[in-house]
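Fit chain B to the known structure of chain A by using the hints.
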Amino acid sequence: MAQTALAEFQALVLQDDDLQQDLRGRLDREDFVQRVLERARERGLAVGRAEVEAALNASMQSWLMRWLDR
Amino acid sequence: MSRHSAAWVPSGIRWNGADPMVEWCHLGDLPITDPFFEQTVDRAMRQPFNLLFGHRTPLHELEQAQQAELKLAGLIFHMSRCGSTVVSQMLGALERNVVLSEPAALDQVVRLPTRLPDMRDRLVPLMRGMVAALGRKRHAERDLVIKLDAWHVLLLPLFRRAFPTVPWVFVYREPLEVLSSLARSRPAQMLPGWIPASLLSPAALAAAADIDGYAVQVLACYLRAAIDHLADGGLLVKYRELPEAACTKIPAHFGLRYGEAELAAMRAAALQDAKSPRVRFRPDGAAKREEASAEMRLLTETHLAPLHARLEALRLAQRS
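If you read the protein sequences in the order shown, they are chains A and B.
Residues in the first sequence are numbered consecutively from 117, following the numbering used here.
Residues in the second sequence are numbered consecutively from 3, following the numbering used here.
Simulated from the structure, these hints should not be mistaken for lab results.
Fair warning: there could be bad hints in the mix.
What the hints assert, rightly or not - Derived SDA-like pairs (lysine to any residue); straight-line CA-CA distance at most 25 angstroms:
#1 B:LYS277 with A:TRP179
#2 B:LYS277 with A:TRP183
#3 B:LYS277 with A:LEU180
#4 B:LYS139 with B:GLU40
#5 B:LYS139 with A:LEU135
#6 B:LYS73 with B:LEU265
#7 B:LYS139 with A:LEU180
#8 B:LYS139 with A:ASP132
#9 B:LYS251 with B:ASP36
#10 B:LYS139 with A:GLN137
#11 B:LYS240 with B:ARG186
#12 B:LYS277 with A:ARG142
#13 B:LYS139 with A:TRP183
#14 B:LYS139 with A:ASP138
Excised from the complex, chain A in its bound form:
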């Protein structure tokens, strides 16, 4: 199955400390999403806002439910 643009960007970030530092400092969610979209676009990746928002929500839910998985 083809990797989504978001998955490609996530893999790219995990290999790039500078990009991690840049994004890690964005604690405000809206500010963070904006920066993710910009940085992905600069790298030729068309990541959608809805895709990022959905990933953030799913991840928060997974974290809050972690005790069921442990």
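Frame of chain A, contents of chain B only:
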């Protein structure tokens, strides 16, 4: 560089079907000063970066890294509700120390055999790998101290196999005060079924239907384990020796030496309530003894007092 820069630490083990995976969390500049490591990880994991870029790797990869960048200076075992968090908060007040208080990821490693019995033989390299992953050097720290979950004292031989040269302490308190505190709020490990049956005494297993009776028997198992293994690198610390013991006999046992300014910082940390650092510490031993029921007193006197007396004798012998 990659995702494995020192800013990434394991937040815990998650499961991909039957496969255990390490979940990674980017701590950034967050100091590890909360009373429990889980609180620091929780703050980090709720930040947008970790929600989007937190990721998982197969657990077996941990076995490749066996040596922590920080020196693992000591392990803190305890009977719960006995002042061990004061010790971890005092040591953690120093920039040179990283103190991990009950890191869930390490607890999950030692609990793996309850889900995957074949993991039993791989626990030692996995424990070393997890400590190496947790003990990365992020700033100017040098030493790593880990305060373990109370029930881990039942696994002392396993911890000694994993970290045979690392000194350890066992912190304990008047059993009636501990029991009274446990009755106020009971941690998961004091609920029957949480600690593997193979680690408990027949008396503990027989008491499973009686919540206070079970707690007494589990505490008895903790105290017995500390007594049985004390000669293998252990030091006894009684609640009433705190907070000063955290500035004197505990660092000495761990091979750590602190200057006057560092000791002052540690003593300042002890003025606050260890589990609610914004609140001033107030002694509560008398209140805990007063609120203990008659049944608790009888159970304590029958099952815990003799073990406590034995610990006291051993502690006094260590002083001389």
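Quick one, are B:LYS240 and B:ARG186 close enough, alpha carbons at most 25 angstroms?
-> Roughly 22 angstroms between the alpha carbons, so the hint for B:LYS240 and B:ARG186 holds.
Mind checking the alpha carbons of B:LYS277 and A:TRP183 for me, to see if they're no more than 25 angstroms apart?
-> 21 angstroms, holds
Agreement of B:LYS139 and A:LEU135 with the hint, judged by alpha carbon distance not exceeding 25 angstroms = 21 angstroms, holds
Compare the distance between the alpha carbons of B:LYS139 and A:ASP138 with 25 angstroms, and conclude whether the hinted pair is satisfied.
-> 21 angstroms, holds
Distance restraint between B:LYS277 and A:TRP179, which requires alpha-carbon spacing of 25 angstroms or less = Holds, at about 23 angstroms.
Within a Cα-Cα threshold of 25 angstroms, do B:LYS277 and A:LEU180 meet the stated pairing?
-> 22 angstroms, holds
B:LYS139 and A:GLN137: Cα distance at most 25 angstroms?
-> At roughly 17 angstroms apart (the allowed maximum being 25 angstroms), A:GLN137 and B:LYS139 satisfy the hint.
If you draw a straight line from the CA of B:LYS251 to the CA of B:ASP36, is it 25 angstroms or shorter?
-> 24 angstroms, holds
Given pair status - B:GLU40, B:LYS139, alpha carbons within 25 angstroms = The given pair, whose Cα atoms are some 19 angstroms apart, holds under the 25 angstroms limit.
Would the pair B:LYS139 and A:TRP183 pass a check requiring their Cα atoms to be no farther apart than 25 angstroms?
-> 28 angstroms, violated
Between B:LYS277 and A:ARG142, does the CA-CA distance stay at or below 25 angstroms?
-> 29 angstroms, violated
Please work out if B:LYS139 and A:ASP132 have their alpha carbons no farther apart than 25 angstroms.
-> Judged against 25 angstroms, a Cα distance of about 19 angstroms means the pair holds.
Hints 7, 12, 13, counting from the list given before, are not met by this structure.
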